[in-house]
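Trainee: With these hints in hand, go ahead and build the complete structure from the sequences.
Now for the letters of each chain:
Protein chains: 2
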Amino acid sequence: MLFFIGLGLGSAKDITLRGLEIVKHSKKVYLEGYTSVLESTRVEMEELYGREILIADREFVEQNCDEMINEALTDEICFLVVGDVFCATTHCDLYLRAVNKGVKVSCIHNAGIMTAVGCCGLQLYNFGRTVSIPFFTDKWRPSSFYDKIKSNLQVGMHTLCLLDIKVKEQSIENLVRGLKIYEPPRYMSINTAIQQLFQIEEEKKQGVLSPTSICVGLARVGWSTQQIVVGEAQKLLALDFGEPLHSLIIPACDQLCDIEREMLEHFTLK
Amino acid sequence: MLFFIGLGLGSAKDITLRGLEIVKHSKKVYLEGYTSVLESTRVEMEELYGREILIADREFVEQNCDEMINEALTDEICFLVVGDVFCATTHCDLYLRAVNKGVKVSCIHNAGIMTAVGCCGLQLYNFGRTVSIPFFTDKWRPSSFYDKIKSNLQVGMHTLCLLDIKVKEQSIENLVRGLKIYEPPRYMSINTAIQQLFQIEEEKKQGVLSPTSICVGLARVGWSTQQIVVGEAQKLLALDFGEPLHSLIIPACDQLCDIEREMLEHFTLK
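Just so you know, the sequences run in chain order E and U. Mapping to my numbering: the first sequence position 203 is 203, numbers consecutive. Mapping to my numbering: the second sequence position 48 is 48, numbers consecutive.
Keep in mind the hints are simulated off the structure, nothing from the lab. Quantities reported herein were computed from a predicted structural model and do not represent experimental measurements. Check before you lean on any hint, since a few could be wrong.
One copy or two, it doesn't matter: identical chains are merged, so the pair holds either way.
Claimed, not checked - Derived SDA-like pairs: lysine to any residue, alpha-carbon spacing no greater than 20 Å straight-line:
| no. | residue 1 | residue 2 |
| --- | --- | --- |
| 1 | Lys-150 | Glu-202 |
| 2 | Lys-148 | Ala-252 |
| 3 | Lys-104 | Lys-270 |
| 4 | Lys-28 | Asp-66 |
Mentor: Here it is as structure tokens:
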């Protein structure tokens with residue numbers, strides 16, 4: 001049996017009672033260690049759960065997870081995922097590989113960012129599709145997220161922008177040379193996201209984001225140090241939101257209901 | 001201090017360790033009792049949490065919650081919510097009333113349906129806006145959800161349809177007479193949702209749902225008896241999904257990625 005267990009967004013204590021029970025009784029515990037970060041360290045988790053935790057990095061999950069799947073044919077194995085279980089495609093892939101090998105799979109849900117953003121007061125019903133904003137490089141400046149935000153705005157929908165995470169990435173040089181040397185982790189800040197949006201705006205000029213557009217910056221949702229700040233894009237650009245993870249919402253401001261408006265005022269930069 | 005604590009979707013054991021700690025130490029524990037249902041009864045929750053749980057019905061939350069807010073000025077009070085905390089507008093309203101009275105508010109997230117639906121294998125990134133399908137009456141047959149599904153499909157997006165819940169509702173007769181007599185709770189089934197969609201389709205004829213359109217029926221997501229069935233609308237219409245709660249997804253089938261397609265096949269009615 002393979003258990004996919006969501007850990008929620010904040011600390012080790014955000015595991016559910018059901019999740020913890022399974023972790024305690026299982027033979028081995030793996031932690032998916034590349035799509036997100038928790039407030040707690042692995043050591044804190046090991047102490048709280050009373051179990052050794054093996055880190056499954058991207059390579060492990062995408063290439064070498066056969067061992068884990070084979071173990072799950074005969075034993076109870078846990079695969080811990082920050083947030084909820086199926087926010088990343090990779091986990092569906094792992095799920096399919098397991099069931100196709102005859103492994104039983106069970107899923108323990110937990111908080112995920114796409115629902116938790118409701119804490120800023122914008123109604124989840126009023127969100128269009130979620131976008132990802134990737135780090136620009138000198139040569140690679142995709143802009144499809146800009147078009148998606150625009151099409152959400154056109155139908156009066158807010159957009160949640162998830163910001164890029166680069167963990168255990170190789171430089172192109174090292175990749176070409178086959179050297180397994182990894183760059184330090186990078187997490188996109190709200191500031192960088194707004195900067196990149198301004199850059200695309202300057203090229204496309206389709207009125208998605210002006211310096212005075214109202215945005216919602218969310219840092220460390222679900223952590224003890226969570227921050228929600230509402231303000232003009234140019235003002236958020238100058239603000240230090242601290243540690244990752246950051247997210248950004250571009251609200252459809254002309255479509256806000258009274259409660260949304262009041263909640264945004266509550267979080268507005270004074 | 002007022003704690004909003006998400007309970008997740010399934011059993012009493014889906015509370016997080018952090019949530020349970022707060023419940024155990026707080027002065028009073030209220031349970032929001034009208035927007036959703038859990039697999040566990042209140043008695044099971046009281047046993048597991050070791051606390052008396054007071055039911056806060058819609059009337060209480062919308063009209064008589066001043067008492068709870070006043071208590072939270074001096075004591076630690078918990079307000080338990082099935083799913084995640086801010087999926088319903090009412091809770092933002094309660095949040096605002098509390099902070100406007102000077103109460104500190106804290107929020108413990110948990111699994112919500114809008115993220116948990118990822119368990120069917122459709123990628124959350126590929127969902128457009130979520131819609132609600134309300135029970136039709138003889139005179140009231142709104143169709144805005146049909147238009148929203150259509151506009152999601154036009155841009156290649158899946159639609160999550162949340163199905164109506166009627167708890168502690170008065171009949172119009174009793175409402176007019178001021179009699180506080182409540183109808184038995186009603187939860188819309190996947191079958192009724194598809195039926196109503198067919199009815200609107202017959203009127204509008206805009207090709208949103210044909211008898212052979214592929215749909216995803218989800219029953220009791222996060223429960224031990226969870227069911228996910230993929231199949232033609234006309235086939236799901238004839239299927240008994242059992243107990244509530246039910247949800248329905250209308251996928252944008254011509255836009256599926258390989259993993260989505262493979263996951264849907266895995267859940268396809270054989």
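Trainee: Tell me the hint numbers this structure goes against, listed in increasing order.
Mentor: none
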